[in-house]
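Colleague: These are the residues of each chain, in order.
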Amino acid sequence: SQQGEEDPQALSIQEGENATMNCSYKTSINNLQWYRQNSGRGLVHLILIRSNEREKHSGRLRVTLDTSKKSSSLLITASRAADTASYFCATDAGSGGYNKLIFGAGTRLAVHP
Amino acid sequence: DVKVTQSSRYLVKRTGEKVFLECVQDMDHENMFWYRQDPGLGLRLIYFSYDVKMKEKGDIPEGYSVSREKKERFSLILESASTNQTSMYLCASRLAGQETQYFGPGTRLLVL
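Residue numbers (my numbering), protein chains in the order written: chain C, 1 to 113; chain L, 114 to 225.
Certain hints may be false.
[Claimed, not checked] Lysine-lysine pairs mimicking DSS-like chemistry, simulated, CA-CA at most 30 Å apart:
{"hint": "1", "chain 1": "L", "residue 1": "K116", "chain 2": "L", "residue 2": "K168"}
{"hint": "2", "chain 1": "L", "residue 1": "K183", "chain 2": "L", "residue 2": "K126"}
{"hint": "3", "chain 1": "L", "residue 1": "K184", "chain 2": "L", "residue 2": "K166"}
{"hint": "4", "chain 1": "L", "residue 1": "K168", "chain 2": "C", "residue 2": "K100"}
{"hint": "5", "chain 1": "L", "residue 1": "K168", "chain 2": "L", "residue 2": "K126"}
{"hint": "6", "chain 1": "C", "residue 1": "K100", "chain 2": "L", "residue 2": "K184"}
{"hint": "7", "chain 1": "C", "residue 1": "K70", "chain 2": "C", "residue 2": "K100"}
{"hint": "8", "chain 1": "C", "residue 1": "K56", "chain 2": "C", "residue 2": "K69"}
{"hint": "9", "chain 1": "L", "residue 1": "K170", "chain 2": "C", "residue 2": "K70"}
{"hint": "10", "chain 1": "C", "residue 1": "K100", "chain 2": "L", "residue 2": "K131"}
{"hint": "11", "chain 1": "L", "residue 1": "K168", "chain 2": "L", "residue 2": "K131"}
{"hint": "12", "chain 1": "L", "residue 1": "K183", "chain 2": "L", "residue 2": "K131"}
{"hint": "13", "chain 1": "L", "residue 1": "K183", "chain 2": "C", "residue 2": "K100"}
{"hint": "14", "chain 1": "C", "residue 1": "K100", "chain 2": "L", "residue 2": "K166"}
{"hint": "15", "chain 1": "L", "residue 1": "K184", "chain 2": "L", "residue 2": "K168"}
{"hint": "16", "chain 1": "L", "residue 1": "K126", "chain 2": "C", "residue 2": "K56"}
{"hint": "17", "chain 1": "L", "residue 1": "K170", "chain 2": "L", "residue 2": "K116"}
{"hint": "18", "chain 1": "L", "residue 1": "K168", "chain 2": "C", "residue 2": "K26"}
{"hint": "19", "chain 1": "L", "residue 1": "K166", "chain 2": "L", "residue 2": "K116"}
{"hint": "20", "chain 1": "C", "residue 1": "K69", "chain 2": "C", "residue 2": "K100"}
{"hint": "21", "chain 1": "L", "residue 1": "K170", "chain 2": "C", "residue 2": "K26"}
{"hint": "22", "chain 1": "C", "residue 1": "K26", "chain 2": "C", "residue 2": "K70"}
{"hint": "23", "chain 1": "C", "residue 1": "K100", "chain 2": "L", "residue 2": "K170"}
{"hint": "24", "chain 1": "L", "residue 1": "K116", "chain 2": "C", "residue 2": "K100"}
{"hint": "25", "chain 1": "L", "residue 1": "K170", "chain 2": "L", "residue 2": "K126"}
[Stated by the list, open to error] Simulated restraints, written as ranges between beta carbons of each label pair:
{"hint": "26", "chain 1": "C", "residue 1": "S51", "chain 2": "L", "residue 2": "T118", "range": "32 to 40 Å"}
{"hint": "27", "chain 1": "L", "residue 1": "P174", "chain 2": "C", "residue 2": "S51", "range": "26 to 34 Å"}
{"hint": "28", "chain 1": "C", "residue 1": "P8", "chain 2": "L", "residue 2": "T213", "range": "22 to 30 Å"}
{"hint": "29", "chain 1": "C", "residue 1": "N22", "chain 2": "L", "residue 2": "T196", "range": "29 to 37 Å"}
{"hint": "30", "chain 1": "L", "residue 1": "R186", "chain 2": "C", "residue 2": "L75", "range": "34 to 42 Å"}
{"hint": "31", "chain 1": "L", "residue 1": "K126", "chain 2": "C", "residue 2": "S39", "range": "33 to 41 Å"}
{"hint": "32", "chain 1": "C", "residue 1": "D66", "chain 2": "L", "residue 2": "T196", "range": "22 to 30 Å"}
{"hint": "33", "chain 1": "L", "residue 1": "Y163", "chain 2": "C", "residue 2": "Q14", "range": "27 to 35 Å"}
{"hint": "34", "chain 1": "C", "residue 1": "S68", "chain 2": "L", "residue 2": "E212", "range": "17 to 25 Å"}
{"hint": "35", "chain 1": "C", "residue 1": "K26", "chain 2": "L", "residue 2": "E212", "range": "14 to 22 Å"}
{"hint": "36", "chain 1": "C", "residue 1": "K56", "chain 2": "L", "residue 2": "T128", "range": "44 to 52 Å"}
[Stated by the list, open to error] Now the stretches of chain L that chain C is said to cover, found in silico as 3 or more residues with beta-carbon under 8 Å:
{"hint": "37", "region": "154 to 160"}
{"hint": "38", "region": "202 to 215"}
Don't read these hints as lab results, they were simulated from the structure.
Even for Gly, the Cβ is constructed at its ideal location relative to N, Cα and C.
Bound-form chain L, shown alone (with noise of 0.2 Å):
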């Protein structure tokens, strides 16, 4: 079974802090994708990655970077919180050329 984890469930920071969210698939995924969940809105992508040190922007990247240094892993960084980042990250990983995304537990962020 293909497994995403993602380093935090429950994360509370300050306003200004820089944040990192990691996530790790440990099933050789190509994809990998960031999305924010925010009630009535569904999920949002925050931005995606097609391979290692590839990265392509989403719908909502503002306020937002990543890295992938390597293919298993998919950082989200918040460069300075702030209050409306307040959310459910959601990390997901797919095989390349596959539809279907697998995701992981997700983080729910608090930010004070």
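Bound conformation, chain C alone (with noise of 0.2 Å):
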């Protein structure tokens, strides 16, 4: 089964408004990361928080990280047009050096102009 999954699967909001997307996981992790899909096309890394981190800021982006929920958020404030595209989660849960990412499946956010 995933390790992080994404809640809600789909967000549709006006142009100016924040969107939060949640993730929850299920083992201990070293880090989680979020990356940003627009359609049809790679993902695009946005933001890493540590596991013993438990705010990060990035421009509009806000994570916040709650170990002791194995949960997530992302915060777009402000948002536009431009932000429409798929959201996912990664943990990174690995050790020795060999660190894998297991994804979710994503949250779909729709910003209306």
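Join these two chains into a complex; the hints should help.
Modeller: Now the structure itself:
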């Protein structure tokens, strides 16, 4: 089964609104990453949060991590039409230097002008 | 900037054909990965390679093989394509010891 599971599966908002996506996972992790995928394209790394961090910011992105609940959230503030994409969380739980990422199924975000 | 390229954006093959998907990265990354992406399932790891001539099975290696003869190139091989291998295939690379993976644009494969 998947390590990371995003919620909601789909989100539709108006430009200027905030978008919040959640990710839950099952096992202990070294870090959790968020990626974006524009329609039919490859994934682009957005932000990484380590297991000893609780919150991280990058521009309009804010990520939180609650290791006790094994969950993370991605907040996009003041959304734009260009933010329309699928967003994936990926957990890194490896050891010994052979770290693999396990991806969730993603949240499809639609931002309407 | 890291650039990961994949040989084809779209590919149509027939059942039973041998299919080669090529991935090339230009940043001297040691680690390379092949994923398939299906609706509702996210990305699933097929194979990965930590360095030249090294390969490790991922979560769904059945029906696939890989080749890593040169550091910059990682090939995914479907020995005998089947319709259930119709999918989007994504290649990624990563510098050893780093966490971020860099993805190619993907190859959408249709097996008829």
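Colleague: Which hint numbers does the structure go against, in order from smallest to largest?
Modeller: 16, 31, 32, 33
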